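Enquirer: Top line first, the protein sequences correspond to chains A and B. Under full-length UniProt numbering, residue 556 is the last one in the first sequence; the count climbs by one each step, no gaps. Under full-length UniProt numbering, residue 274 is the last one in the second sequence; the count climbs by one each step, no gaps.
Simulated from the structure, these hints should not be mistaken for laboratory data. There could be a bad hint or two in this list.
[Claimed, not checked] To be clear about the criterion: a stretch of chain A counts as covered by chain B if any three or more of its residues have a C-beta under 8 Å from a C-beta of chain B, and this derived list gives those stretches:
no., stretch
1, 169 to 176
2, 214 to 224
3, 447 to 461
4, 510 to 521
[As the list claims (entries may be wrong)] With a cut-off of at most 30 Å between alpha-carbon atoms, the simulated DSS-like pairs for lysine-lysine come out as follows:
no., chain 1, residue 1, chain 2, residue 2
5, B, Lys53, B, Lys63
6, A, Lys518, A, Lys533
7, B, Lys64, B, Lys53
8, B, Lys90, B, Lys120
9, B, Lys126, A, Lys518
10, B, Lys120, B, Lys64
11, B, Lys126, A, Lys525
12, B, Lys120, A, Lys518
13, B, Lys90, B, Lys63
Note that the coordinates shown come from a computational prediction; the quantities given were computed from them, not determined experimentally. For every residue, glycine included, the Cβ atom is placed at its ideal position computed from N, Cα and C.
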Amino acid sequence: MNAAPAATRGTTPPPVRATAPARTAPRPSLLGLDPATVATARALAARAAQPVIDLATAHTTVSVERATLRLAGLTGADTTHRAGDVPWVNRVVDTVAEHCGLQHGVSLPVFHALREHDLATLTDLAEATAAGQIRYTLPTGAARRRAERAARTAVARGIRTIDRNRAQRDRLVARLGDPPQRPWIYLIVATGDIDEDVVQAQNAARAGADVIAVIRSTGQSLLDYVPEGATHHGFAGTYATQENFRIMRAALDEVSREVGRYVRLTNYASGLCMPEIAVLAGLQRLDMMLNDSMYGILFRDINPVRTFVDQRFSRQVHARAGIIINTGEDNYLTTDDAVSAAHTVTVSQLLNECFAHEAGLADWQLGLGHAFEINPDLPDSFRLELAHALLARELFPHAPLKWMPPTKHMTGDVFRGYLLNGFFNLAGALTGQGILLVGMMTEAVVTPFLSDRDLALANVRYVLGAAGNLAEDFRPAPDGFIATRARHVLDQAVRLLERIVDDGLLTAIATGTFGLMKRPPDGGKGADGVIAKAEDYLNPAASLLEEHAAREEPRP
Amino acid sequence: MTAAPPTRSPHPSAATEPTASTEPARYVRPYGDTTGDGMVQVSFTLPVPAGPKADGAASQLAKKMGLDPALVVHSHPIGADFTFFVVYGKVGHLVDLDQVRVVEREYPLLTPAEVNATVKRLLRRKLVVVGGCIGTDAHTVGIDAILNIKGFAGEKGLEYYRELRVVNLGAQVSVPDLVRRARAEHADAVLVSQVVTQRDAHILNTQQMSAAFREALGERRPLLVAGGPRFDPMMADELGVDRVFGRGTTPGEVASFLVHALATRRGPTPAART
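Working from the sequences, and respecting the hints, build out all of it.
Expert: This is the structure:
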């Protein structure tokens, strides 16, 4: 980083490759990790994940079906409904479920009805549905083939929009350039009002932020629909809507040209509408999405099967859209102990990697999460942090790792918090993290003041500037504290993975393995939105995305 | 979790002056590096472009805040339109310790570990909490902030507490359902959240709820707790509940209250006095 980012950045030649891994040349293991142990850990993770992948493949959800209709071009909401604005996709999917069930997918009945009633658009069909004029049925024979063809054409159009957005991002990155340094600097804005967010986000970008995350309104994850339009009243955050996405992306495009680097936009593909929000992100060229395989289950008490099904579809969309996902392992450390539960982070990262690869995501798209949450009063707490951070770095050498700041031990003593954030930044620089979420000294006190954010960025700039490429000189003693600790955590992770393979991942989740939360597979919110697929289930989005995943070569 | 402070006693001693064993004086001033110097440090941002005029503006504000002399020791621009300042200065005000009135919480704030330990000792089983939004209210923000493990304001929700069993019924729970479920789960405490206040819906709903519990369970009713941003904590009697929590309440406060109230119900035990 430089003190005057806008000025110097304009002259920085754009990097050769838009999405280069954090490290240009792979370096030898600093921790002396045994390649056989690493391979065992990955193999165990794959075995633990497989039954869940099978489960996810055998089911669909109301949100996957709604996402499919969004890809097919259905937008807008029923403004006359007594419950307020109900998105058309919800009206249609609920009605199809009522008339002929969702086990065959929503596409066949919908496109059959479109033709039968000779309606021009899906919106016309949705309006007719709301008026009670449509009776959905499952077509057979030639009618089925016609409906299938029409659905595929419509969905392919949506996917082409996503492809065009990806190409547009690549062009903008090539023209404007990536951030000149790693880690990328990730800042959060959250006012509740999208117009106010725009002002804050543009200012943050001018002050050096490379990635802007717009935090969602509290409770959006538990809404079983995506709100519509530009919104101005959120609780501690701004609703994720297609229009809000569009407004913010346009604002960041504007400021990207001004600061001479492509400023990325992040939102949250999580909660009950994960697949739909992933689609909206692809349609509006968002660049990163929070998308964890287990966060909703553990921390929002969303049904595990619902989450795994939704997660798989949303990751297929992210893979296609060239979106970098951010996983949420940092959360385990805020509920469990950051030292004794360090290996649960490693296990979750390995599982997230496995689920992500299966859904077609490449390594450069895996912002696997971890955090600086060890009690600072522990002796050697910083060395422990370095051990854990370096372990993640070496286990996932090509993933851009998301490094999360301290929250649990931020007490309101802003001066101490500022120092702690400095050490967090140093650990990030020293261990080659890819994405650094800027810590606020006012964590747990107030929403950050303008000056808090400015001071936080000054902290990052100083540490990254002063440390420079210190990672190059950082060679932990081969059998010293850091290397030994990292190997120990990996061994613990392997043992836990063995247990998960034996018991099953769903059982492990049910018994409180992650973040101390116990979530049984049949419990949680949104369970009634999970449907076992019938033999003749059809979803053109899923097939188009899967064909893509099979074709796509992982980037070097 | 806000790690360090939660165990703090609810009655902080008045020993703000580092006068060791001697009784603190009744009148005190801030302590910079000498007794009675009145020195303080503040920082703030003004929507003024950086420059001499901005520094002058900061100095004026500091003087109006009672800092005299005020020393603007640092200023720097935040973007084109704002300037950040650090100001040191002397305040003339005296603090009269006899005039200090603090809000008395009738129970100590406990850490999750202390809550768990107390529940274990007191009940020898888990404490069951049933919660939800009653009436037509669909705003689960409040109840989720208290119950979900994710929590609020850096504190984990009640689900995080090993010795609490939380049943979160979510939004739009009818009162009969709430009573039925509370009875089936053998609830020790029922938490209801009310955000919507149109036509005093929050008050009427809560009164209806407490009346239903009294009718169904009489003296054996669970502890009733109401929460919401527009409730006045003084309204407990009027609402027929044991406690009302207003805006900004954290899960730790609720958990601490629950164990305190249960201990009190069961008569004084050593646990209740910690």
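Enquirer: If a hint holds in the structure, say so; if it doesn't, say that too.
Expert: Hints and how they fare:
no., hint, verdict
1, 169 to 176, "violated (count 0)"
2, 214 to 224, "holds (count 3)"
3, 447 to 461, "holds (count 5)"
4, 510 to 521, "holds (count 3)"
5, Lys53(B) to Lys63(B), "15 Å, holds"
6, Lys518(A) to Lys533(A), "27 Å, holds"
7, Lys64(B) to Lys53(B), "17 Å, holds"
8, Lys90(B) to Lys120(B), "51 Å, violated"
9, Lys126(B) to Lys518(A), "15 Å, holds"
10, Lys120(B) to Lys64(B), "54 Å, violated"
11, Lys126(B) to Lys525(A), "23 Å, holds"
12, Lys120(B) to Lys518(A), "20 Å, holds"
13, Lys90(B) to Lys63(B), "10 Å, holds"
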